[in-house]
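Visitor: The primary structure of each chain is shown beneath.
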Amino acid sequence: MALATPSGIENRSAWLRDNPLFQAWLVLMLAIVFGTCLAAVHVNLSGRIAENKLNESLERIPGLIWNEGEGGTSVDILSGRIAVKQKERTLYYPVFQVMDEGKPAGWVIKAAGQGYAGSIELLLGLNPAGDTIRGLFILEQSETPGLGNKITFPDWLNQFAGQETVEPLRVVKGGQTTPGAIDAITGATISSKGVVGIVNRAVSETKGHLTPGQIEFSERLQ
Amino acid sequence: MANLPTPFERFVQGILPENPVYRQFLGLCPTLAVTNGLKPALTMALAVGFVLLCANVIISLIRNLLKPHLRIVIFTLTIATFVTIVDRMLAAYMYQMSKTLGPYIPLIIVNCIIICRCEVCASRQSVTTAAADAVGQSLGFGLALVSIAFVREILGTGMLAGYQVLPDAWPDWVIMVLPPGAFLTFGLLMALVNWIGTVRSGKT
Chain U
1 MALATPSGIE NRSAWLRDNP LFQAWLVLML AIVFGTCLAA VHVNLSGRIA ENKLNESLER
61 IPGLIWNEGE GGTSVDILSG RIAVKQKERT LYYPVFQVMD EGKPAGWVIK AAGQGYAGSI
121 ELLLGLNPAG DTIRGLFILE QSETPGLGNK ITFPDWLNQF AGQETVEPLR VVKGGQTTPG
181 AIDAITGATI SSKGVVGIVN RAVSETKGHL TPGQIEFSER LQ
Chain G
1001 MANLPTPFER FVQGILPENP VYRQFLGLCP TLAVTNGLKP ALTMALAVGF VLLCANVIIS
1061 LIRNLLKPHL RIVIFTLTIA TFVTIVDRML AAYMYQMSKT LGPYIPLIIV NCIIICRCEV
1121 CASRQSVTTA AADAVGQSLG FGLALVSIAF VREILGTGML AGYQVLPDAW PDWVIMVLPP
1181 GAFLTFGLLM ALVNWIGTVR SGKT
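Chains as they are written, first to last, in my numbering: chain U, 1 to 222; chain G, 1001 to 1204.
Just so you know, these hints were derived from the structure itself, not from any lab.
You may find that some hints are simply not true.
With beta-carbon atoms standing in for the labels, derived distance ranges [stated by the list, open to error]:
no., chain 1, residue 1, chain 2, residue 2, range
1, U, Arg48, G, Ala1191, 30 to 38 Å
2, U, Thr189, G, Cys1116, 18 to 26 Å
3, G, Phe1025, U, Asp155, 33 to 41 Å
4, U, Ala14, G, Lys1099, 52 to 60 Å
5, G, Arg1124, U, Gln23, 19 to 27 Å
6, U, Pro154, G, Val1120, 20 to 28 Å
7, G, Asn1064, U, Ala14, 18 to 26 Å
8, U, Gly35, G, Gly1187, 56 to 64 Å
Calculated cross-link-like contacts (lysine to any residue; reagent style SDA-like; alpha-carbon spacing at most 25 Å) [stated by the list, open to error]:
no., chain 1, residue 1, chain 2, residue 2
9, G, Lys1039, G, Leu1160
10, U, Lys53, G, Gly1162
11, U, Lys110, G, Met1094
12, G, Lys1099, U, Lys85
13, U, Lys150, G, Thr1006
14, G, Lys1099, U, Val43
15, G, Lys1067, U, Asn11
16, U, Lys173, U, Leu147
17, U, Lys150, U, Thr186
18, U, Lys103, U, Val43
19, U, Lys53, U, Glu10
20, G, Lys1099, U, Leu54
21, U, Lys53, G, Ser1098
22, U, Lys53, G, Trp1173
23, U, Lys150, G, Lys1067
24, G, Lys1067, U, Leu26
25, G, Lys1039, U, Lys173
26, U, Lys85, U, Glu70
27, U, Lys110, G, Met1097
28, G, Lys1067, U, Gly63
29, U, Lys53, G, Leu1107
30, G, Lys1099, U, Asn11
31, G, Lys1039, G, Ser1201
32, G, Lys1099, U, Ala40
33, U, Lys53, U, Leu26
34, U, Lys110, G, Val1151
The beta-carbon is built from N, C-alpha and C at its ideal position, and this holds for glycine as well.
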């Protein structure tokens, strides 16, 4: 009954006024409204964004298998993923099998790892047997402009083409060009080691999995 | 609420007298980072313009409901929503541009120009004034970005928006498209704007 007295109602409305949750009603409401809007935007656009990303990879694939100027006559790209079982978890590598006139022409693996300033995502082109690198392309990186971002330059990436993957690649300094050695970019040794590390890990983890039987193909492209 | 500028005054002030970059020194991060070409600079100016207009209008609509100690939260929430929309739109329809601009699109959330206009104008004045203010400030920001990008791209690559405009003999001043070039160009243009201002005020 105490609540019915005028002072009780006053106390109650004062309590309501001072309640932080009540004061923030506008913030909460706006958060719900804006959240709904963003969800709608995401639902409408996420498919398109994923498609853009996939197309970017697809455009690069022929250049990772064939040298410039060469190329297949009727190229077919199969997209899928490899499940690599580790002790506690399963890793998935997106892979593309490149076919030319129905015959295997090579493999392209998408791999990611840590660079110097952030994560690096790359595409690695291999020959059909999976023991020689055909080409390398950096999809995403945030290395230091002017130093680490030279990992995207063809001059540097071309060192990888033709390297055998039986032994892990090594990073060297001073311009040696022995097989299995990748010359580090001056001033960006960590970025160079990052790329080589991603390549070595992708190669060793997918070893033995690069056969059509081991791949979960998702769809036929091109 | 006496003596607050009219919509027209707000609009005009944003372009030159209170230019966000050259006069208020706000939003300098994108000004320095994405002005190495005309196209990214224009895209950034449009993105900021869109976010500023939407945020100003919404804040102005709810200005009577704002609580002083919660206003900044609401400004940030509104700005972040529209920035995310722009970011997703760019990724969906202008994928390459979205990769070029990289983190600078999400960074619009902390762009001081927008939060400053919400505080100074939108949270106090009508929707019309807030919208005029947003358009004026966006034009001022766009003008600043384009002027810097114009100098940097033409001297750094001999091109404008990707088209060759200087003869091939032009030795590209690579430093102009690198970060130091941003500071050099910005400083010199700032000196020019100030010099023009001094000359004009001296004559009148």
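Visitor: It remains to establish, for every hint, whether it holds in the given structure.
Guide: Hint check:
1. U:Arg48 with G:Ala1191: 30 to 38 Å: Given range 30 to 38 Å: violated, Cβ gap about 45 Å.
2. U:Thr189 with G:Cys1116: 18 to 26 Å: With a Cβ separation near 43 Å, Thr189 of chain U and Cys1116 of chain G fall outside 18 to 26 Å, so the hint is violated.
3. G:Phe1025 with U:Asp155: 33 to 41 Å: holds, 40 Å
4. U:Ala14 with G:Lys1099: 52 to 60 Å: The hint (52 to 60 Å, Cβ to Cβ) holds, given that Ala14 of chain U and Lys1099 of chain G are roughly 54 Å apart.
5. G:Arg1124 with U:Gln23: 19 to 27 Å: Given range 19 to 27 Å: holds, Cβ gap about 21 Å.
6. U:Pro154 with G:Val1120: 20 to 28 Å: Given about 49 Å between the Cβ atoms, the range is violated.
7. G:Asn1064 with U:Ala14: 18 to 26 Å: For Ala14 of chain U against Asn1064 of chain G, whose Cβ atoms are near 22 Å apart, the range 18 to 26 Å holds.
8. U:Gly35 with G:Gly1187: 56 to 64 Å: violated, 43 Å
9. G:Lys1039 with G:Leu1160: Between Lys1039 of chain G and Leu1160 of chain G the Cα gap is close to 9 Å, so the pair holds against 25 Å.
10. U:Lys53 with G:Gly1162: Holds, because 24 Å separates the two Cα atoms, which is no more than 25 Å.
11. U:Lys110 with G:Met1094: Holds, because 23 Å separates the two Cα atoms, which is no more than 25 Å.
12. G:Lys1099 with U:Lys85: Violated, because 33 Å separates the two Cα atoms, which is more than 25 Å.
13. U:Lys150 with G:Thr1006: Given that 25 Å is the threshold and the Cα spacing comes to 52 Å, the pair is violated.
14. G:Lys1099 with U:Val43: holds, 21 Å
15. G:Lys1067 with U:Asn11: Distance ~21 Å between Lys1067 of chain G and Asn11 of chain U Cα, so the pair holds.
16. U:Lys173 with U:Leu147: holds, 15 Å
17. U:Lys150 with U:Thr186: Within the cut-off at roughly 10 Å; holds.
18. U:Lys103 with U:Val43: Given pair Lys103 of chain U, Val43 of chain U is violated - Cα atoms ~39 Å apart, limit 25 Å.
19. U:Lys53 with U:Glu10: Since the Cα atoms of Lys53 of chain U and Glu10 of chain U sit roughly 60 Å apart, the hinted pair is violated (cutoff 25 Å).
20. G:Lys1099 with U:Leu54: holds, 14 Å
21. U:Lys53 with G:Ser1098: holds, 12 Å
22. U:Lys53 with G:Trp1173: Violated, at about 33 Å.
23. U:Lys150 with G:Lys1067: violated, 50 Å
24. G:Lys1067 with U:Leu26: Distance ~9 Å between Lys1067 of chain G and Leu26 of chain U Cα, so the pair holds.
25. G:Lys1039 with U:Lys173: violated, 38 Å
26. U:Lys85 with U:Glu70: Status violated; Cα separation ~37 Å.
27. U:Lys110 with G:Met1097: holds, 22 Å
28. G:Lys1067 with U:Gly63: violated, 58 Å
29. U:Lys53 with G:Leu1107: With a Cα-Cα distance of about 22 Å, the restraint between Lys53 of chain U and Leu1107 of chain G holds, given a limit of 25 Å.
30. G:Lys1099 with U:Asn11: violated, 56 Å
31. G:Lys1039 with G:Ser1201: violated, 34 Å
32. G:Lys1099 with U:Ala40: With Cα atoms ~23 Å apart, Lys1099 of chain G and Ala40 of chain U stay inside 25 Å; holds.
33. U:Lys53 with U:Leu26: violated, 38 Å
34. U:Lys110 with G:Val1151: violated, 39 Å
Consistency with the previously given hints fails for numbers 1, 2, 6, 8, 12, 13, 18, 19, 22, 23, 25, 26, 28, 30, 31, 33, 34, ordered from lowest to highest.
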